[in-house]
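**Student:** Each chain is listed here by its residues.
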Amino acid sequence: MSVIVFTVILLLGSYFAGLLGSMTGLGGGFIIIPLLTLLLKVDIHYAIGASLVSVIATSSGSAAAYVKEGITNIRLGMFLEIATTAGAFTGALLAIYVPTHAIAIIFGLILIFSAVMSLRNKVEQVANKETFLSKKLRLSSNYPVNDEVVSYNVTNIAGGFFMMVFAGIISGLLGVGSGALKVVAMDGIMRIPFKVSTTTSNFMIGVTAAASAVVYLQRGYIHPGIAMPVMIGVLLGAVSGSKILVQATSSKWLRWVFAIVVTVLSIQMIYNGIKGNI
Amino acid sequence: MESKETYNSPIRLEADQQKAKSGSLKDKDMQAIIGWILRGGVFVSMILVFIGGVFFVYRHGYSVPDYKTFKGIPIFIHSFSGILNGVITFKGQAIIQLGIILLIATPVIRVAFSAIGFLLEKDYLYTFITLIVLLIIIASMISGHAG
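If you're matching them up, the sequences are chains A and B in order.
As numbered in numbering that gives the first Met the number 0, residues 0 to 277 make up the first sequence, in order.
As numbered in numbering that gives the first Met the number 0, residues 0 to 146 make up the second sequence, in order.
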């Protein structure tokens, strides 16, 4: 396959990955890696490198918008970034020693988990008591809803912190944002309002990915010929996705389509991983 | 003074008071700077990657790359000086790689600015927390270099 054909296929594929990723909130990495490894037969280390680059681009781009709106809890994000960057550092080191077919299998499992999580109907449970750690770290905050200010507390900080270490390891090992795991830590464990948890998770993804990207960059996993179309495609797709989301509110069918696509891809990844094709 | 305040809606006023209480008036400035850094970094790196991509495809469009087996990246973009050398001679892959390095640096620069912001707010606990994050990233960078 010539450079032109490879670049065009990857640009189009990445555009749709970015579009679907931003519309469903799962991120583009989950389609990029199967696209590169299964369809284009690219080595999984190159795929992880290119995917990480696109993760940084989309999360930084959208975090810029959310931070200005004042929804993101910057203190909480900063504090949890200790956990995610330490995890990402560990994950990037592990990636060197973990055999590639094992990476493919873990990828498939995390992918299925994320698809299930995206389909679940979530019930918001907001904590009303301020815990000792939350007070010490001044994590309780407020965010604007229309013209009102809604206050919230943060509970079970230790539990959330450990979940974030795990999210960081997965991000560094697989080259994805692991937004689904971050949201589990914040919604499920720390009981933060959805709007705050999704935007704060997004805020952290860029720094988390950068912590492992510095390792991948120096080990030659980030190849310009592959990262270039992936980054441009995913970023443009994500921008289109964020515009569509404003217009269409009923995205339930879209989440189903995405979940099915993702499940098929993850079974493919696991199958090829077990057979040793990846 | 009082007549001026009556023009504000009560909800807005309450919101402003609450913001002032939690000290987020200064936070607002920091949020603006952080937003600006992230947007600017992504924008500039995207342009570099695009320009590099045009050069790369124009020159190597018909060659057939082998990405099936992992072989690292071309030698001329192994070091930062090599990349800069490639950029001034308009080598596509070097320009792309410079854009990617800038993109990876963007969130790291954001963290560094947050540290300065917290320091200016005299929030020493969060200055410390932010510096730990920065140290972890630097440690990661050094470990990658060593291996």
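Among the hints, erroneous ones may be present.
[What the hints assert, rightly or not] So the derived label-pair ranges between C-beta atoms look like this:
{"hint": "1", "chain 1": "B", "residue 1": "Phe75", "chain 2": "A", "residue 2": "Ile3", "range": "17 to 27 Å"}
{"hint": "2", "chain 1": "B", "residue 1": "Leu124", "chain 2": "A", "residue 2": "Leu118", "range": "33 to 43 Å"}
{"hint": "3", "chain 1": "B", "residue 1": "Gly71", "chain 2": "A", "residue 2": "Leu11", "range": "46 to 56 Å"}
In case anyone wonders, no lab produced these hints; they're calculated from the structure.
Small disclaimer: the values here were computed from a predicted structure and weren't measured.
Using N, Cα and C, we set each Cβ at its ideal position, and we do this for glycine too.
**Student:** Evaluate each hint against the coordinates.
**Tutor:** Hints, one by one, checked against the model:
A hinted range of 17 to 27 Å for the beta carbons of Phe75 of chain B and Ile3 of chain A is consistent with their spacing of about 22 Å. A C-beta distance of roughly 39 Å is found between Leu124 of chain B and Leu118 of chain A, which places it inside the suggested range of 33 to 43 Å. Between Gly71 of chain B and Leu11 of chain A the C-beta distance comes to about 27 Å, which lies outside the given range of 46 to 56 Å.
The structure fails to meet hint 3 from the earlier list, while all remaining hints are met.
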